[in-house]
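With the hints as extra help, turn the sequences into a complete structure.
So the protein lines, in turn, are chains A and B.
Position 22 of the first sequence, counting from 1, maps to 19 under the numbering used here, and the rest follow consecutively.
Position 149 of the second sequence, counting from 1, maps to 146 under the numbering used here, and the rest follow consecutively.
Certain hints may be false.
Pairs involving identical chains hold if they fit within one copy or between any two copies, as the list cannot separate such chains.
What the hints assert, rightly or not - Below, a list of computed lysine to any residue pairs in the SDA-like style, where the Cα atoms sit at most 20 Å apart: (1) Lys326 / Glu474; (2) Lys326 / Glu461; (3) Lys326 / Arg152.
Derived by calculation from the structure, the hints in this document are not laboratory data.
Number of protein chains: 2
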Amino acid sequence: MFPVGFGRLSGTGERTLTARPKSRRRNRRPVRTPSAIKQLPWGALRNPFTPIELLSADQVEAIHHASLRILRDMGLEFMSAEALDVLRREGAEVDRDTQIVKFDPDLVEEFVSKAPSEFEMVSRNRDRNLKFGGNNLIFSLVSSPPNVSDLDNGRRPGTYEDQCNLIRLMHSLNTVHMAGITPVEAMDLPVNSRHLDLVHAYLTLSDRVFSARAIGRERITDAIDMACIAGGITRDELVTQPGVYTNININSPRRVDNELLTGMMEMMAYRQPVAVTPFTLAGAMSPVTLVGSLTQQNAEALGVLAFSQMHSPGTPVIYGGFTSNVDMKSGSPAFGTPEYVKGTIAGGQLARRYRLPYRSSNVNAANSVDAQSAYESQMALWANIMGGVNIVWHGAGWLEGGLTSSFEKVIIDADNLQMMSEIMRPMIVDESTLGLQAIEEAGIGGHFFGTAHTIERYENAFYEPMVSDWRNFESWEEAGSPSAAEHANRIWKQLLAEYEPPAMSPDRREALDEFVARRKDEIGEQTW
Amino acid sequence: MFPVGFGRLSGTGERTLTARPKSRRRNRRPVRTPSAIKQLPWGALRNPFTPIELLSADQVEAIHHASLRILRDMGLEFMSAEALDVLRREGAEVDRDTQIVKFDPDLVEEFVSKAPSEFEMVSRNRDRNLKFGGNNLIFSLVSSPPNVSDLDNGRRPGTYEDQCNLIRLMHSLNTVHMAGITPVEAMDLPVNSRHLDLVHAYLTLSDRVFSARAIGRERITDAIDMACIAGGITRDELVTQPGVYTNININSPRRVDNELLTGMMEMMAYRQPVAVTPFTLAGAMSPVTLVGSLTQQNAEALGVLAFSQMHSPGTPVIYGGFTSNVDMKSGSPAFGTPEYVKGTIAGGQLARRYRLPYRSSNVNAANSVDAQSAYESQMALWANIMGGVNIVWHGAGWLEGGLTSSFEKVIIDADNLQMMSEIMRPMIVDESTLGLQAIEEAGIGGHFFGTAHTIERYENAFYEPMVSDWRNFESWEEAGSPSAAEHANRIWKQLLAEYEPPAMSPDRREALDEFVARRKDEIGEQTW
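Right, dumping it as structure tokens:
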């Protein structure tokens, strides 16, 4: 039942501290039948940690006031006549020729304060509903790379098949709570109707909260109608129970384009949540100082968030942070850097100043699933956790600065997200966990493998990773020296092989199919 | 001067957000002559973050009191007559036959409170002195693996040459502040005199604070004498300015062997700092519950720390935490796990309860420098930072659960330690960093590459990693798709090629050489 090859580990300097059992093979217990990968159960997460405060309260105020100066003196460009009408109506200073909108500081604060601090999104499976804001914590699947990669076929443009497989993986992974806008672009589908196939895949292959792309009106209304069909609800019901999420990126510096604004307004017309994320890569689209980039991020976010509440007071919105830096030698964006960590943590202080749900991301700039991809992602993930982020966008699968969705990275990230969940689980201190009886039973110089305390608990005592290989070097080498990426490759294939789609009533499925077919007819296929 | 291949990055869903310059080669600035690897300067670190509190104050007290119950009712075994004399003299309940010592709770608290909260260690280069305790933060080189590995020659038993090269690397890396006990065992040197060659290498190839192995008396007195020669001081002066560090591992559960106690007492006779680290791998050497393991860790640490202050009141000691878990399927130790993170963070709460400097480690259980090695190490590192650790033992280079020192891992860890230092650097918010003029100058939809604000700052604006590869995929692929481990391989070779030993006066050098020669004669070579 317990390993016997486990020798006495003693000495100084920890020299021999990790003498692993050499003859593991001889002594190991029967291998479990390869079946479902062991995971933590689905569960809503709350972040119990007090966020790090990188900025003093005075510094937060200084950035806040500087942001308001930008909005008052320089303004933002809103490239939509409809948006300009709303802004003018609610008191902003609108220049119709330049489309530049300037905001009185009080106006900004007044409208931003109308946004809710917390809200809930519903999925067609009510057990998968998600709470946003407060100390709720949500991990999403990677969103919107054009390329996909895996160890077998390398990096290539994404296809519908890849998109579906990534959605199946999300559905199979308990710690990936919601979908981004698309797990990868389906480059093999017609451009003007692929959103229909994507939403159809989200709704039939998974039961998670999903997102839609807010470019223009049509994609949003299609997603809304499809969410209603899948959930068996009306548009009016959806208004009170948001079921479609989106993220829009401001075209930093200080511009919001027409298509984005139109999509955003369509979302807000149905009171669906919109994350507003300035695209502030320090040195390129925002000042080379991190503080300057955060100031611009904050100005852009506040301006557009104020607009959201002018358009639809009380509509749920999210403060999005994406501030990172570029490599000043090449211009390449950098992610998972010290600057990214600081930007994410300080951004959280700003988001909380406005009592808004906060979105950041699990990012890295590596080109392969190597050590760099892992340490940059872990740095970003800790920044999210210690920054009080509510929505960890791109939670699993992002590679190459967001240009590629990696099947292996989905698995490694999911394992890391699970470990973070486990770290956040409260500790229980009582007579049973203190374990004094076990300490007495083991005796001096003994071991605990056979104590009653261990026997009662060993099966679920510790987190069991999906990916990490803890075999001793010799066994690992005999097995072909597999890397973490190779383990992940095996795991995603097993998850796909074992995948089962969530149940959907035949009439809803039929209605969804019909909707997609009808809309494709109306749109007419167009391939660029 | 600035990259021009950097296209407009806009859109929603961040689909195109990371469109990197495709034609980087055409536009890049002249490559700097490959010379010294860019690093952050040497600098004492202070951790500005408030530690995470995983345990409530009541839970800390519950563990504290349970630990005292263990010491009162079960006791620890001290396998040294000399130590037993000290313990009996100061009021502990000593059984000479079983060597079991039981402690009255008040006695433990009384003596533990005599240990200093902070102290300083001197190096032969006074600019490399280190402060311990408070919020001081020190990163050490990996300590004591029997094996070494690099990409060229794989994993093999360590040699004196490897040992020297790892010391040269430490000396070349500004963020590796001190040496462990040995960077790798020199298996090619005679066992009973290799400590002389090691300390000689520490003192001539580097100028960092170093450690010695506390097994018996002789190794310690040799290290103390050599530190005195190198520093040009007497033994009496060393007593007031500690210059030799050590770590001892308690042979958990509840045993301290004679050789360790003898080495420890020799250290304390000269008032040199001793870290006391119970070897509590949950499920094997301590209860399968993390809380139980922490309780045993705390009991063992308190008992031996109380002994230290009975032996030499006020001598500097360090509360060491090493609680992790074993894989209950194989018995293999696991590191960089959720349990390790929680153990490290909660351990910090205990160490601070006693106002003692706190030691934990940067650990992982991977067999190669892959993604696993990186995410486990990053998790451990964040646990150290958010747990208020003062001495991050095994800071750079540890692989395979401590059985191997990896040259590539030294570099990747050093880069990660540097990034952590950068994250902890305070943010400055003033008119210059807020950058409003740059935001005005860049204009709407413009870019910041050419603004005066950027030009003044771009060269040192951001952390420049040693290892991370931020080239676009095409350039990276053209360069042979190097992994982070391959970059690290290139870097350690370059650092060794550029290595220059620190200055040492010829007379001190000669005295050191003579000391080693004389002691080897006295000892007589013995090869097991």
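query = So which hints don't hold here, by number, going up?
reply = 3
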